[in-house]
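Could you put the whole structure together from the sequences, leaning on the hints where they help?
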Amino acid sequence: MLLINCPWCGERAETEFSYGGEAGITRPADPDQLSDAEWADYLFMRSNPRGAHKELWNHAQGCRRWFGVERDTVTYRMSRSYLLGDGAKD
Amino acid sequence: MKYSALGLVRNAFSHNKNWKEAWRSPEPKKEYDVIIVGGGGHGLATAYYLAREHRLTNVAVLEKGWIGGGNTGRNTTIVRSNYLWTEASLLYEKSMQLWEGLSQDLNYNVMFSQRGVYNLGHTLQDMRDIERRVNANRLNGIDAEVVTAKQIKKDIPLINTSPDARYPILGASLQPRAGVARHDAVAWGFARAADQLGIDIIEQCEVTGINRNGNAVTGVETTRGTIIARKIGVVVAGNASVVASMADLRLPIESHPLQAYVSEPLKPVLDTVVMSNAVHGYISQSDKGELVIGAGIDAYNGYGQRGSFPTIEHAMQAILELFPVFSRVRMLRMWGGIVDVCPDACPIISKTPVDGLYFNCGWGTGGFKATPGSGWVFAHTIAEDRPHELNAPFNLQRFETGALIDEHGAAAVAH
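Protein chains in written order, with this note's numbering: chain D, 1 to 90; chain U, 1001 to 1415.
Keep in mind the hints are simulated off the structure, nothing from the lab. From the three backbone atoms N, C-alpha and C, an ideal C-beta is built for every residue, glycine too. Treat each hint with caution, since some may be false.
What the hints assert, rightly or not - Stretches of chain D that chain U covers, calculated by requiring three or more beta carbons in the stretch to come under 8 Å of a beta carbon on chain U:
#: 1; segment: 10-18
#: 2; segment: 25-31
#: 3; segment: 47-56
#: 4; segment: 67-77
Said to hold, decoys possible - Below 25 Å or equal to it, Euclidean Cα-Cα: the simulated DMTMM-like pairs (lysine to aspartate or glutamate) are:
#: 5; chain 1: D; residue 1: Lys54; chain 2: U; residue 2: Asp1248
#: 6; chain 1: U; residue 1: Lys1351; chain 2: D; residue 2: Glu38
#: 7; chain 1: U; residue 1: Lys1153; chain 2: U; residue 2: Asp1129
#: 8; chain 1: U; residue 1: Lys1020; chain 2: U; residue 2: Glu1203
#: 9; chain 1: U; residue 1: Lys1153; chain 2: U; residue 2: Asp1164
#: 10; chain 1: U; residue 1: Lys1351; chain 2: D; residue 2: Asp41
#: 11; chain 1: U; residue 1: Lys1351; chain 2: U; residue 2: Glu1087
#: 12; chain 1: U; residue 1: Lys1094; chain 2: U; residue 2: Asp1385
#: 13; chain 1: U; residue 1: Lys1002; chain 2: U; residue 2: Glu1203
#: 14; chain 1: U; residue 1: Lys1351; chain 2: D; residue 2: Asp36
#: 15; chain 1: D; residue 1: Lys54; chain 2: D; residue 2: Glu70
#: 16; chain 1: U; residue 1: Lys1154; chain 2: U; residue 2: Asp1143
#: 17; chain 1: U; residue 1: Lys1153; chain 2: U; residue 2: Glu1321
#: 18; chain 1: U; residue 1: Lys1064; chain 2: D; residue 2: Asp72
#: 19; chain 1: U; residue 1: Lys1288; chain 2: U; residue 2: Glu1321
Printed below as a string of structure tokens:
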């Protein structure tokens, strides 16, 4: 069982959260200007690294807010949680 | 050495001391015509069909662990071809036809048992989807029928078809030709057959880099030195993105842990395979008597070959919903494999933007059933440098063109 650190609620069990996939994928500002390959890259391609991974989690059965987590995909160790959006570093 | 009844008798007289190894363990040569990265079922099948169908025998299969140690030996052994879309069903049906003659082809008993697979429906919408899929299957020449809850109860006496169940069983689709196969035997059988055709199977040899000259591959770096090859076929399941990044490719794939479980051995209680999309679990009984159980993937990306406890709990809930009588059965073992999940729940069997580099990945949770067919079309793709018509739709470009083959949920059980 993962113990996930919600930036607002603290450490809670994995079952309270839902997973949002790779973090840091921003919607292109002007999709009409993209080639098919660039649009496919945004929609489908993922880095899927073996090791350090920045990912999104939602505290679905708690405060219901989204946040980022840095986790190792082999050991599953979560090194830190961070806030998203304006003012956040990541 | 061909396996035969006579051979069994002869070796019994010599106290079974004279059996030869099933495949050699050669040192890697400096150069091969084709290198297959990944010695799972799909990689070994690819090598076997390269030799048998395309007369390419200067081929090496590089495996970082040991044969049968990855997903090939970690799945729940179910084989079926009742997919919805024509592209997918023809590919899986090709595989089914190869399964039907596989033990003879390989001279190795893969214990393929066509005991039927039931895909249960629990809601009105489930039943409509089932009828649609059964019709689609029949139009593609695949055996499929809709069965009623009453018939299910008659065929599988232990199942709970009570209308009072939380998710009552309303009916099912049945594919009579579907079933199970002994998964390790599939790996061993393909390895032995490929080896006998002259292919080098090199275990404990991890690929650490892909060498290129301009836009063409020239070989691989491995933990056992550099090996030269003009063609490289990569079939590494959960590690697809890792190997792709060695050639600066990005794939539409995320790796997730998928768990499987076996119970203590029981006397024969279940002579078919039961799958349920709605409660999301699947179960069969192995020849040793263990109940073999599978369910969903862990939601998060992961490369650790183990899964989370909430997923185990969910799988057990699903099975007990179908078979309350198993509530006192003790589970014996559980394990995880890393599956490469594709956005449209269909594989990528394709050339890549790099010349001489081919990828076969994205099978997600459903690759075992496709083992022979996957090898058959991938061997064609590598040997001819163009896809076979069966795998042409499963190209990497479909994520740009939008020609996805959406088997999510449609494929009898959610991937």
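Right, here's what the structure says about each hint:
no., hint, result
1, 10-18, "holds (count 3)"
2, 25-31, "violated (count 0)"
3, 47-56, "holds (count 6)"
4, 67-77, "holds (count 5)"
5, D:Lys54 x U:Asp1248, "20 Å, holds"
6, U:Lys1351 x D:Glu38, "19 Å, holds"
7, U:Lys1153 x U:Asp1129, "21 Å, holds"
8, U:Lys1020 x U:Glu1203, "18 Å, holds"
9, U:Lys1153 x U:Asp1164, "15 Å, holds"
10, U:Lys1351 x D:Asp41, "18 Å, holds"
11, U:Lys1351 x U:Glu1087, "18 Å, holds"
12, U:Lys1094 x U:Asp1385, "20 Å, holds"
13, U:Lys1002 x U:Glu1203, "23 Å, holds"
14, U:Lys1351 x D:Asp36, "18 Å, holds"
15, D:Lys54 x D:Glu70, "5 Å, holds"
16, U:Lys1154 x U:Asp1143, "20 Å, holds"
17, U:Lys1153 x U:Glu1321, "15 Å, holds"
18, U:Lys1064 x D:Asp72, "21 Å, holds"
19, U:Lys1288 x U:Glu1321, "24 Å, holds"
Hint compliance for this structure: hint 2 alone is broken.
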